[in-house]
Every structure is written in structure tokens, then in C-alpha cells.
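Engineer: For the record, the sequence lines run as chains A and B.
Using the working numbering, read the first sequence as starting at 11 and increasing by one per residue.
Using the working numbering, read the second sequence as starting at 5 and increasing by one per residue.
Honestly, I wouldn't trust all of these hints.
The calculated label-pair distances, taken between Cβ atoms and stated as ranges, are [said to hold, decoys possible]: (1) 24/A / 62/B: 46 to 54 Å; (2) 94/A / 63/B: 34 to 42 Å; (3) 62/B / 52/A: 23 to 31 Å; (4) 71/A / 99/B: 23 to 31 Å; (5) 52/A / 35/B: 34 to 42 Å; (6) 16/B / 28/A: 25 to 33 Å.
Capping the alpha-carbon separation at 25 Å, the derived lysine-lysine pairs in DSS-like fashion look like this [as the list claims (entries may be wrong)]: (7) 5/B / 46/B; (8) 107/B / 72/B; (9) 67/A / 46/B; (10) 5/B / 23/A; (11) 5/B / 67/A; (12) 67/A / 107/B; (13) 107/B / 46/B; (14) 5/B / 107/B.
In case anyone wonders, no lab produced these hints; they're calculated from the structure.
We put the beta carbon where it would ideally sit given N, CA and C, even for glycine.
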Amino acid sequence: KAGVTQTPRYLIKTRGQQVTLSCSPISGHRSVSWYQQTPGQGLQFLFEYFSETQRNKGNFPGRFSGRQFSNSRSEMNVSTLELGDSALYLCASSMTNNEQFFGPGTRLTVL
Amino acid sequence: KQEVTQIPAALSVPEGENLVLNCSFTDSAIYNLQWFRQDPGKGLTSLLLIQSSQREQTSGRLNASLDKSSGRSTLYIAASQPGDSATYLCAGISGNTPLVFGKGTRLSVIA
Numbered sequence: 011k012a013g014v015t016q017t018p019r020y021l022i023k024t025r026g027q028q029v030t031l032s033c034s035p036i037s038g039h040r041s042v043s044w045y046q047q048t049p050g051q052g053l054q055f056l057f058e059y060f061s062e063t064q065r066n067k068g069n070f071p072g073r074f075s076g077r078q079f080s081n082s083r084s085e086m087n088v089s090t091l092e093l094g095d096s097a098l099y100l101c102a103s104s105m106t107n108n109e110q111f112f113g114p115g116t117r118l119t120v121l
Numbered sequence: 005k006q007e008v009t010q011i012p013a014a015l016s017v018p019e020g021e022n023l024v025l026n027c028s029f030t031d032s033a034i035y036n037l038q039w040f041r042q043d044p045g046k047g048l049t050s051l052l053l054i055q056s057s058q059r060e061q062t063s064g065r066l067n068a069s070l071d072k073s074s075g076r077s078t079l080y081i082a083a084s085q086p087g088d089s090a091t092y093l094c095a096g097i098s099g100n101t102p103l104v105f106g107k108g109t110r111l112s113v114i115a
């Protein structure tokens with residue numbers, strides 16, 4: 011069974027631009043969660059989608075948004091990028107509140 | 005609100021030593037507790053999942069225990085190897101909330 015995949019793996023953007031990251035969950039998993047990881051803050055929860063509905067949202071500004079498609083694939087979007095948005099963005103999928111499986115992450119660098 | 009603490013933040017041991025990593029959480033109504041491993045710049049690899057009805061889980065040289073009454077979990081690694089060097093993270097779920105992560109323990113196993 012294929013694991014969680016994330017694309018792209020690396021991104022370099024400049025301040026003010028926007029970016030879209032993609033996550034394909036493990037087949038059959040309907041829950042997709044997004045996390046931001048930085049050296050200073052550790053892993054912080056962004057949002058969770060279940061069956062195309064946002065079920066939970068972390069404490070991030072409205073520049074961060076996401077969505078989930080009918081095939082459970084998910085995208086997150088960050089608009090008006092800031093230097094502080096540079097981070098490793100991780101996606102995780104699960105059946106429900108069971109074991110979470112993470113993808114390899116997307117490394118975003120904002121210049 | 006669930007808070008997760010991991011002690012120590014870093015640990016260095018000689019190869020072959022048995023070791024224990026600690027994780028404490030504030031909300032005893034924990035649903036699942038999951039241990040992960042993260043190699044530098046990579047995603048998270050799930051090691052063990054302990055559900056609230058369980059007290060421990062074992063996989064190979066790894067054993068994780070959960071004591072809800074004291075708000076603690078431990079990850080025991082037997083006969084450590086240089087390949088075990090990584091950051092180990094614990095995370096808990098309470099109710100229908102997302103994973104809450106500790107800051108991790110950075111383990112170095114010296115050959």
C-alpha cells in the first residue's frame with residue numbers, strides 16, 4: 011500500500027507570493043491533517059479535513075487555507091507569503107482518530 | 005487543553021545501552037498516544053500507537069507504555085544502535101482533537 015505522498019518536496023518563493031501544497035493520503039484514509047514544523051515552534055497543527063469538511067483548525071492566520079477533494083486528496087494554500095512561513099509542511103492521514111501516517115513533507119523557503 | 009512535554013530534550017548514549025524516553029501529558033482523557041521517529045529534514049515515521057484501553061505496545065526492540073492516571077508514557081529502546089539516532093516525538097489525541105506534539109528528544113547513539 012502506498013504511503014502518504016506530498017508534492018512538491020521543495021519550494022522556493024519570495025515574500026508576497028502564494029503557494030499551494032498537495033497531499034495524497036493512504037488509500038482508504040478519509041482524514042488529512044496539516045502541520046507546520048519550524049526549529050523554534052516545533053510541530054504546530056494547521057487544520058484537519060475529513061470527508062471534504064474542515065473538522066479542526068489551528069491558530070494560524072487566514073492566509074493559511076486548505077481544502078479536501080472527494081478522493082480525499084488535500085491541498086493547502088498560503089497567500090501573501092512572509093519570511094516566517096519558511097518551514098517544513100507535513101501532511102498526515104488516518105482512518106479516523108487512529109494511527110496517523112505522515113508524508114515526507116514539503117520544505118518551503120521564503121526569500 | 006492538552007500539553008505534551010518530553011524529557012530530556014537531548015540524549016547521548018553508547019551503542020548497546022538500553023534507554024528510556026519520557027513523555028508527559030496534562031489531559032488524562034487521552035484517546036491515543038503515538039510515538040514517532042524523525043530523521044533530519046524528513047517526515048515522521050510512526051513507531052507505536054497505544055490506544056487508551058491499552059497499557060503498552062511492543063515492536064521489535066521498542067516498547068511503549070501508557071499510564072493515564074499519572075499522565076505519562078515511556079518509550080524503551082533495547083540494545084541501542086547508531087541507526088537509532090534520530091529525534092523521537094510523542095503525540096496525544098484527546099477526544100476529537102488533532103495530535104498535540106511534544107518538542108521531542110534528540111537521541112544520539114555513539115558507536
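Engineer: Work down the list of hints and note, for each, if the structure agrees.
Structural biologist: Checked hints:
no.: 1; hint: 24/A / 62/B: 46 to 54 Å; in the structure: holds, 49 Å
no.: 2; hint: 94/A / 63/B: 34 to 42 Å; in the structure: holds, 37 Å
no.: 3; hint: 62/B / 52/A: 23 to 31 Å; in the structure: holds, 27 Å
no.: 4; hint: 71/A / 99/B: 23 to 31 Å; in the structure: holds, 25 Å
no.: 5; hint: 52/A / 35/B: 34 to 42 Å; in the structure: violated, 21 Å
no.: 6; hint: 16/B / 28/A: 25 to 33 Å; in the structure: violated, 42 Å
no.: 7; hint: 5/B / 46/B; in the structure: violated, 28 Å
no.: 8; hint: 107/B / 72/B; in the structure: holds, 20 Å
no.: 9; hint: 67/A / 46/B; in the structure: holds, 24 Å
no.: 10; hint: 5/B / 23/A; in the structure: violated, 35 Å
no.: 11; hint: 5/B / 67/A; in the structure: holds, 14 Å
no.: 12; hint: 67/A / 107/B; in the structure: holds, 20 Å
no.: 13; hint: 107/B / 46/B; in the structure: holds, 16 Å
no.: 14; hint: 5/B / 107/B; in the structure: holds, 16 Å
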